[in-house]
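**Q** Now for the letters of each chain:
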Amino acid sequence: MSVRVILVDDHSVVRKGVRALLEKETDLDVVGEASNGLDAIELVSKMRPDLVVLDLMMPGMHGLEVARRIIQEHPGTRVIVLSMHSDEGYVLAALRNGVSGYVLKDTTEDQIVEAIRKVSQGERYLSPPISERAIEVYIQKARQGQVGDPYETLTNREREILQLSAQGLSNPEIATRLYISPRTVETHRSNLMHKLGLASQTDLIRFALKRGLID
Amino acid sequence: MSSNRPITVLYIDDDLYDQELVRHALEVEDGGFRILSATTKAQFEQMLKCEQFDIVLSDFNILGFEGLEVIELVKSHLPEMAVIILTGTGSEEIAVKATKAGASDYVIKTPSHIQRLSFTIRAVLEQQQLVRQKALVEKSLKESHQRLDALFNHTLDALVLINDEGGIIDANPAACEMLGYSLDELRELNAFKFIPVNQHQDRAEFFEELLRQGKKSGHFEIVCRDSVIRSVEYNSVANILPSVHLFALRDITARLDVERKLVYARDYYLTLFHYFPALIWRSGLDGLCDYFNYTWLAFTGRTLEQEIGVGWVDGVHPDDRQGVLNAYQSAFNRHQPFESEYRLRRYDGEYRWIVNFGRPYHDLDGQFAGYIGTCFDVSEQKRQRQELEKAEIELKRSYAQERELRERAEVLYDISNVLNLRLDVEQALEKLLGIIARVIPFQKGEIFQIEDGIAHVSHLYGYDSICPPEMQLKLFNFNFKIESTRNLREIVEQGRSSMIIEDIEQYEGWVKIEGVEPPRSWLGAPVLIHNQPIAIFSLSHSEPGFFLPRHAELLEAAANQTALALENVRLYNDVLASRQRLQQLSSKLVEVQELERRQIAQELHDEIGQALTGLKLMMKSELPLPSGARSKQWDEANRLISDLLNRVREMSLNLRPAMLDDLGLLPALLWQFDRIQRQAGVEIVFHHKGIIDQRFDTKIETATYRIIQEGLTNFLRHAGTKKIEISILVSEQVMSLRIQDEGAGFNLEEVRASKISTGLTNIQERVTLLGGKLQIRTQPGEGTQILAWIPLSGWIERRSRER
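First to last, the protein sequences are chains A and S.
Residue numbers for the first sequence follow my numbering, beginning at 307 and rising by one.
Residue numbers for the second sequence follow my numbering, beginning at 8 and rising by one.
Derived by calculation from the structure, the hints in this document are not laboratory data.
Some hints here could point you the wrong way.
To be verified - Cut-off 30 Å, straight-line C-alpha distance, at most; resulting in silico cross-link-like pairs (DSBU-like, lysine-lysine):
1) S:Lys107 <-> S:Lys48
2) S:Lys780 <-> A:Lys516
3) S:Lys389 <-> S:Lys438
4) S:Lys82 <-> S:Lys107
5) A:Lys447 <-> S:Lys696
6) S:Lys149 <-> S:Lys56
7) A:Lys447 <-> S:Lys706
8) A:Lys447 <-> S:Lys56
9) A:Lys447 <-> S:Lys729
10) A:Lys330 <-> S:Lys146
11) A:Lys516 <-> S:Lys481
12) S:Lys146 <-> S:Lys107
13) S:Lys200 <-> S:Lys146
14) S:Lys696 <-> S:Lys639
15) S:Lys107 <-> S:Lys56
16) S:Lys141 <-> S:Lys82
17) A:Lys322 <-> S:Lys730
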């Protein structure tokens, strides 16, 4: 029983290339081709293939969206993305949309075939240098820079200035109070406003009230 | 003893003959007697108890009842009763016995003696009477003596009896106590010992006077025992017995002490009053003054004699006298307190203002006794008060001036505000006359707009109350030819900045409008733009000569403001229009640029890239050569294709990463940072909040991406350090960006002025287009910080992706 495959790519040259590659394999059967997302979805509904090899960058509907729709409507059909983008962001987005394999276009032909075989057997395939580990690292990296309670990120000095500023003191007044230069106060003030995502003095006072820093 | 009443005689005799003799002698012959006769003892006893009688007559020898027994019986009942014994024998022995027993007399029973019995009885009774009287006198004397003794011994006053030499004969206990000696001691002393030495010489004189006058009283001091000196009040009586003189003394030491203290206290308070630092006066029931204290007299420089009565009135200022007297009189009559302020002449002739407080006062019994008053010199206070009043008036005047100025300033400010804030000049002019009316109380006002020598009414003020709407409409349609309207013509032709017509009745050529009562005075001012009048403010009033130069000045100011505002509006509209055009162009430019980049990127990626991919795949499949047979050129071509593919992809991403559109800001930035860190070997510290799995409006995502891209480029080119910090924090309203390094920094002003840094300009442009705010802080050597706030309101789009 051979695996029934549909190829989706807006470039015929790519489709031809892949088809040529797969036809050499006896257990793989290319049953259809589509050049855009909408055609692809329609074709999948008609043909009910085992597997779709899908390009991400297509005019009209984006490959990621096409993958999401196919997998949602036809849970039996697996999708392998064939993409130029090796970036983990794309891989992650694709995997989140339910894709089973992600293969780079500049990979070796053997890997495409291997990917199709593995995925059709129910495994997940990511072509090197992409790996599960790299995806994990990517997710970690995105979270790493994330800031928690922004107030917690303020320095003591910034907190002091936030307090005094919310009480209505001007920068020169705060400077006199803290024995520092007005310019330094201004710097701290801008930084703390940035950190708290505040754009104006009104925002600052509103924030201070909400945090109970002033009455 | 009255002779009218018969003397009753109780007579006992058992010899009836004798009885008859006696009866005859007493009752018949004498007739002044009544006889009660008894013959037996029992009978006698009975009568003794029951009868009233004056004397008892008894026979000495009665049967069984001897005369002596009779006497005993009588005396035991009536001790005072006289008993006369009758005896027949007349023996001496009986007489003695009877007398001893208490008989008053005895009479022998012979006719001659009985004849004389009445005399004998009477004599006995008289004798008895005398004895009785004497006893009474003695008794009374004794009582008198006792009383005297008690008085003498118990009176509080000291009593001393002395003889002519002053020797003390007697003294009562009070005297002993006062003088400090016992009576026995005193009897050895001379009274003059107690008189102090300095008073001794008057002793003879004193005695002489006492003897001459019989009595004398006064007081002196005496030296008592232990040299105690007492003040004593005395009363002396000479010769109360021959050469015995009585002195009654009373110790008044304590009393004198109290009196002295009282005097002292009185003097003390009088002095206090006298020198009290206020002018004090007093008047009596007659209203006349009887006291002025020292302070008063020192103040007026006059004597008490000059001031008392109504003398003080002389010192009152002649203009004040009547008022002062009236106030005093009116209060005095009603016994009411009063207060008056008047001028009083001081010792140096200067009249000083004083305040006089008068109060009625009452004696110890609470009876109205006159007035007491106090005066204070208040000239200084009054002067200060007057100065204060003057200052207040001055202040009020300045305040009024200031208020007028302020009102004018406010009006000008309001005019300027109305003109500047309302870009619609028509609307502003509508308000203008109303504002001017706040400082120029005109009745009717118009604004004429001038076009081609025609003035037509564009605004009216104050017509509503005097003019029906249709009339107002008529006015709006009315065209004044300037050359035939004298007042407008004068303003326009003479180039005047304002003009007042004092009295329109005297002003020929005033254009009257049917149905509108012509005013009497007029004020006008032109609105000049480039010296060309484009409008005229026209104010009028029904009173001639109403408008003042300051009104004209003010109206000129308003007209100038209006001219300025109109000019400003024109300029502002021009500027606004060009700025809008500029902004539209910038926006378009950025959009076009992005679009173009995207297209090129797509072109590169889709067309060239895909073609290369296809080619590569086909090379592998369409030319199935044995692996060993693959030529070196074939491998080289294959490698070249891969290389090209990479470069095309790189170019495409540089132009515009598809990721930004496909995956959003965070993946695009992460990719970007990763690439730069790898290529340039720098460290990018990235903080963010609120952007994971979040999508924002494309414009915001693009702008944020580009701003960071520019910031990074800047950093790589100029900072000279290896570390940069980037943070993006998203709150509900704003996306807040910060890019900072601690590198070389630069002089912002110079860079801005030189216009070489397109990077900063691009950042500024992008922030401005999104209505955000940008802050760049940098100094040579102090690093660079770029802060940007981009508002999200209305654009935020959150599309949370499922994991």
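**Q** Report the numbers of all earlier hints that the structure fails to satisfy, in ascending order.
**A** 3, 6, 8, 10, 11, 13, 14, 17
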